Amino acid sequence: AQTVTQSQPEMSVQEAETVTLSCTYDTSESDYYLFWYKQPPSRQMILVIRQEAYKQQNATENRFSVNFQKAAKSFSLKISDSQLGDAAMYFCAYRTPNTGNQFYFGTGTSLTVIP
Amino acid sequence: KAGVTQTPRYLIKTRGQQVTLSCSPISGHRSVSWYQQTPGQGLQFLFEYFSETQRNKGNFPGRFSGRQFSNSRSEMNVSTLELGDSALYLCASSLPAGGPSNTQYFGPGTRLTVL
Chain Y
1 AQTVTQSQPE
11 MSVQEAETVT
21 LSCTYDTSES
31 DYYLFWYKQP
41 PSRQMILVIR
51 QEAYKQQNAT
61 ENRFSVNFQK
71 AAKSFSLKIS
81 DSQLGDAAMY
91 FCAYRTPNTG
101 NQFYFGTGTS
111 LTVIP
Chain S
1 KAGVTQTPRY
11 LIKTRGQQVT
21 LSCSPISGHR
31 SVSWYQQTPG
41 QGLQFLFEYF
51 SETQRNKGNF
61 PGRFSGRQFS
71 NSRSEMNVST
81 LELGDSALYL
91 CASSLPAGGP
101 SNTQYFGPGT
111 RLTVL
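First to last, the protein sequences are chains Y and S. Mapping to our numbering: the first sequence position 66 is 66, numbers consecutive. Mapping to our numbering: the second sequence position 31 is 31, numbers consecutive.
No lab work stands behind these hints, which were simulated from the structure alone. Mixed in with the good hints there might be a few duds.
[To be verified] So these bits of chain Y aren't anywhere near chain S, every CB distance computed over 10 Å:
{"id": "1", "residue": "Glu10"}
{"id": "2", "residue": "Glu15"}
{"id": "3", "residue": "Ile46"}
[As the list claims (entries may be wrong)] As a list, the in silico BS3-like pairs of lysine-lysine whose alpha-carbon atoms are at most 30 Å apart:
{"id": "4", "chain 1": "Y", "residue 1": "Lys55", "chain 2": "Y", "residue 2": "Lys70"}
{"id": "5", "chain 1": "Y", "residue 1": "Lys78", "chain 2": "Y", "residue 2": "Lys55"}
{"id": "6", "chain 1": "Y", "residue 1": "Lys73", "chain 2": "Y", "residue 2": "Lys55"}
{"id": "7", "chain 1": "Y", "residue 1": "Lys70", "chain 2": "S", "residue 2": "Lys13"}
{"id": "8", "chain 1": "S", "residue 1": "Lys13", "chain 2": "S", "residue 2": "Lys57"}
{"id": "9", "chain 1": "Y", "residue 1": "Lys73", "chain 2": "S", "residue 2": "Lys57"}
[Said to hold, decoys possible] To be clear about the criterion: a stretch of chain S counts as covered by chain Y if any three or more of its residues have a C-beta under 8 Å from a C-beta of chain Y, and this derived list gives those stretches:
{"id": "10", "stretch": "39 to 45"}
{"id": "11", "stretch": "70 to 81"}
{"id": "12", "stretch": "85 to 95"}
Values in this document were obtained by computation on a predicted structure and should not be read as measured data. Heads up, the beta-carbon is just placed ideally off N, CA and C, and yes, glycines get one too.
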């Protein structure tokens, strides 16, 4: 069974600093995709970044980057130069083609940005 | 392109009633997935529809059902509402499964309160 674990229920970071959110997953599949979604107080889920398992290069989107360690089944999100607008709940998600479009989500990490 | 839209945004029902929620996917997206989000259980997959057929189903009772129309719009129905059905119901659309571009894009959700 596929499971996604986020071990940090809450994190905080000073504005302009860097923070890393952790995610681990369990799977026996070799082909899969990983995602980070952001859910601000508005509740709108917004895609932050995605990573294909077959790619060794870590994905980067502006201030957001991931550290993908396939052997360790780890997929952490690094937010650089944190901004007040980054405050949100962050969810790690996993999907494999064998389960169609079913995403498996972690329990989320609530990020607070301190001015 | 317009994003995923969900109606209604808020709904209050009483136990025993039934409810229908609607989701219009992004133009060109043919897959629609539904998730239930609660503070205690997090994001849980309900089902996925593609080409008017249910392609995948999560572990929910038969009171939860859905359908998809030829224009890819989807509805989900919950019959005999229980207090525990109070949740945010999220709809997500995506291209058909099979490729790395298959990311789910979420709507704003429908907040259902059962009294």
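So, going through the hints one by one against the coordinates:
1. Glu10: 14 Å, holds
2. Glu15: Glutamate 15 (chain Y) clear of chain S: closest Cβ-Cβ about 27 Å, beyond 10 Å.
3. Ile46: 8 Å, violated
4. Y:Lys55 to Y:Lys70: 10 Å, holds
5. Y:Lys78 to Y:Lys55: This hinted pair holds, its Cα atoms lying about 18 Å apart.
6. Y:Lys73 to Y:Lys55: 14 Å, holds
7. Y:Lys70 to S:Lys13: 45 Å, violated
8. S:Lys13 to S:Lys57: 25 Å, holds
9. Y:Lys73 to S:Lys57: 26 Å, holds
10. 39 to 45: holds (count 3)
11. 70 to 81: Violated - the stretch 70 to 81 of chain S has 0 residues with a Cβ nearer than 8 Å to chain Y, which falls short of three.
12. 85 to 95: Our answer is that it holds, as 4 residues pass the Cβ test (under 8 Å) against chain Y, meeting three.
Checked against the numbered hints listed earlier, the structure breaks hints 3, 7 and 11; every other hint is satisfied.
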